[in-house]
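With the hints as constraints, model all of the structure from the sequences given.
Read top to bottom, the protein sequences are chains A and B. Read in order, the letters of the first sequence are residues 1 to 255 in this note's numbering. Read in order, the letters of the second sequence are residues 1001 to 1427 in this note's numbering.
Just so you know, the hints here were simulated from the structure itself, not pulled from any lab data. Take these hints with a grain of salt, some might be off.
[Unchecked claim] Residues on chain B that point at chain A, a partial pick, calculated with CB under 8 Å:
no.	residue
1	Y1058
2	G1093
3	K1109
4	N1151
5	W1164
6	A1274
7	V1337
8	F1338
Ideal placement from N, C-alpha and C gives every residue a C-beta, glycine not left out.
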Amino acid sequence: MSVTTESGPITGTWKSKEELLGCVILTDWILLVVLFAVLLGSYHIHYMLLAGDWDFWIDFKDRRMWPTVAPIVAMCFAAAAQAFFWTRLRLPFGATTVTLALLVGEWINRYDNFWGWTFFPINLVFPSALIPMGLWLDIVLMLSGSWLVTALVGSMGWGLLFYPINWPVLAQYHQAAEVDGVLLTLADLIGFNYVRTGTPEYIRMVERGTLRTFGKDVVPVAAFFSSFISMLVYFWWWKMGIWFSTTSYLENEEI
Amino acid sequence: MKSTILSAMTTGWAARALRVVAFGAVAVAAAVPAATTAEAHGERSQQAFLRMRTMNWYDVKWSKTELSINDEMELTGKVHVFSGWPQAVANPGEAFLNVGEPGPVLIRKGAFVGGVPVPRTFSMEVGKDYEYKILLKARRQGRYHVHVQINVKDGGPIVGPGQWITIKGDMKDFTNPVTLLDGGTIDLESYGINWTYTYHFAWMAIGAVWVIYWFLTKGIIVRYWWVKAGKADELIGPSEKRIGGVALAAMLLAVLVTYGATNKEFPRTLPMQAGLLTGIEPIDLPDPTVKLHFMGGQYTVPGRELTIKYHVTNNGNEPVKVGEWTAAGLRFLNPDVFTTKPEFPDYLLADRGLSVSDPTPIAPGETRELTLHIQDARFDIERLSDLAYDTDSQFGGLLFFFTPSGKRIGVEVGGPLIPKFQAGATL
Chain A
1 MSVTTESGPI
11 TGTWKSKEEL
21 LGCVILTDWI
31 LLVVLFAVLL
41 GSYHIHYMLL
51 AGDWDFWIDF
61 KDRRMWPTVA
71 PIVAMCFAAA
81 AQAFFWTRLR
91 LPFGATTVTL
101 ALLVGEWINR
111 YDNFWGWTFF
121 PINLVFPSAL
131 IPMGLWLDIV
141 LMLSGSWLVT
151 ALVGSMGWGL
161 LFYPINWPVL
171 AQYHQAAEVD
181 GVLLTLADLI
191 GFNYVRTGTP
201 EYIRMVERGT
211 LRTFGKDVVP
221 VAAFFSSFIS
231 MLVYFWWWKM
241 GIWFSTTSYL
251 ENEEI
Chain B
1001 MKSTILSAMT
1011 TGWAARALRV
1021 VAFGAVAVAA
1031 AVPAATTAEA
1041 HGERSQQAFL
1051 RMRTMNWYDV
1061 KWSKTELSIN
1071 DEMELTGKVH
1081 VFSGWPQAVA
1091 NPGEAFLNVG
1101 EPGPVLIRKG
1111 AFVGGVPVPR
1121 TFSMEVGKDY
1131 EYKILLKARR
1141 QGRYHVHVQI
1151 NVKDGGPIVG
1161 PGQWITIKGD
1171 MKDFTNPVTL
1181 LDGGTIDLES
1191 YGINWTYTYH
1201 FAWMAIGAVW
1211 VIYWFLTKGI
1221 IVRYWWVKAG
1231 KADELIGPSE
1241 KRIGGVALAA
1251 MLLAVLVTYG
1261 ATNKEFPRTL
1271 PMQAGLLTGI
1281 EPIDLPDPTV
1291 KLHFMGGQYT
1301 VPGRELTIKY
1311 HVTNNGNEPV
1321 KVGEWTAAGL
1331 RFLNPDVFTT
1341 KPEFPDYLLA
1351 DRGLSVSDPT
1361 PIAPGETREL
1371 TLHIQDARFD
1381 IERLSDLAYD
1391 TDSQFGGLLF
1401 FFTPSGKRIG
1411 VEVGGPLIPK
1421 FQAGATL
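Listed below in structure tokens is the structure:
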């Protein structure tokens, strides 16, 4: 870490520049770990509450609702984290950090709880991939230096990238099988085979809605819609991030 | 000095600490015997009127109760959808045949209603009877309580009778072979999992590298000082943007390559299959030859006794006797009719739980007033006596009559109950 050449508020508190450097590096690592843990916990709760079953189960990951809902609700923390890391620290990793934190938390949850406690196979419960979307959003902000451009261009890519980056894992489970004369994909079959007492089939929302004009090309329409809503969410949550990372002090006279 | 220490122990901080330790020890000691393994699925917690007046389960059979890993068994039976379906619960226009078990310890290889495969949601009609079959395959070793269950949209799960199933062996030997439409065979238990791990963790590693790289260039605190000093723009210069551009290009290329390779590897994929299955035929049952007219009922809470009075008319050509009353998965048998105990989970079978005011057979063409007494601790243990406290204190169930030739006639019964909270109360 190239701190030694930087200027900082060195006062008489430290005996040497080396001591200051050591303190800064240690504090940096503590901050990084704490921030990562806080973002992991809060983003995980947020995402599980809002994306929920769409992210839990393979047989909920359809072509319409999942690519619509998941990016929109995932955008909240990505925008807020960017606002903090970019405006306060000029660090281009806000969205990547939160998506990484979320996925670390999700994988711990899926492995320990879903597989370890209740024996659901991982191919039923793996989470949605989000890291490339985080990288995209961070790099757009870094290259443009503008949160407005990021809200427009970054959010568009955020929504559009979601399905393609998940398809390499998902495609294998969209192979077809015939079971007792009924056509099912492997995703349907996994959901049927591995009994979920509290998750009946009818709560899935597989391609429900009235948008039928585009035939089988459901994903692009859903992705564009998701992108547009993600733009709005980005604006809102960027402001939330700014507000949340602002420290206000009261004057003595006001106390 | 001694008295000072003693005094502190009885009145001061030491006494408080002792009390806390003692309280904790008592709490732990009290909790340990009560902390048993969670074995049920909350079936008793559902309201009594809901369980009695929605799905009336009968002829439920578990083909095996002991299996080895990979063994298969059948869970079969019939269900009568109660005509007086409670207003508080949505009708079963969308229902799903499910299994109540603690996680997928047995997997569901097949499910049929009326002979039709039902991997999806299907429609049921009130007042009709349906035959179901669930094929189960043992997956995890242990002893589990396995129920049939029907989930009703906007109504919730309605749990049928459960049986203890013992599975021996080791889960690591479990396989779930599936033949794909193109003829290939895979093991669904593990299919694609290694690739899923690889793909996800590779991207997470890339994300971690990105985060750590920027963290290691000036960290957090120094960057904060720079931003505060108005030098934020100097932190992201042309060289940093060049790195960002290269990373962006590499990331997009990776997405394109993996997406293209996936489409090449799996050229034929289908969307998930969903939609309501309608038109499943109920069991074609003839109209019952026994007609019942409900005359009133009561539940005596202290005696755990349900008493119901009927005018019974036998329109058949054989005499009939009341043999069984079933509700909420429980069976109450008349020992005059059931001389041997049928095979059924003991906790749900009251083999002497039903008696009638007049045990002689009802002759063809005869109408008789009959009072049925249903009395067994199971009524209370399974919390059907809570009916007295429900918002809709109407009971429901099926009454089975038997002829000398062995014919069984099932009749739906139900009506309002008056709870009696004092012993000795009579209808």
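Results of checking the hints against the structure:
Using the Cβ-Cβ criterion of 8 Å, the hint placing B:Y1058 at the interface with chain A is not satisfied: the shortest such distance is roughly 22 Å. Proximity of B:G1093 to chain A is violated relative to the hint, the smallest CB-CB distance being about 10 Å (cut-off 8 Å). Because the smallest distance between the Cβ of B:K1109 and any Cβ of chain A comes to about 7 Å, under 8 Å, the interface hint for this residue holds. Interface hint status for B:N1151: upheld, as the beta-carbon distance to the closest one in chain A is roughly 4 Å, under 8 Å.
Given the 8 Å rule on beta carbons, the hint for B:W1164 is violated: about 17 Å separates it from the nearest Cβ of chain A. For the restraint placing B:A1274 at the interface with chain A, the shortest Cβ-Cβ distance is roughly 4 Å, inside the 8 Å limit, so the hint holds. Hint on B:V1337 is violated. Least Cβ distance to chain A is approximately 35 Å, over the 8 Å limit. With its C-beta approaching chain A no nearer than about 32 Å, B:F1338 sits outside the 8 Å limit, and its interface hint is violated.
The structure fails hints 1, 2, 5, 7, 8 (numbered hints given earlier, in ascending order).
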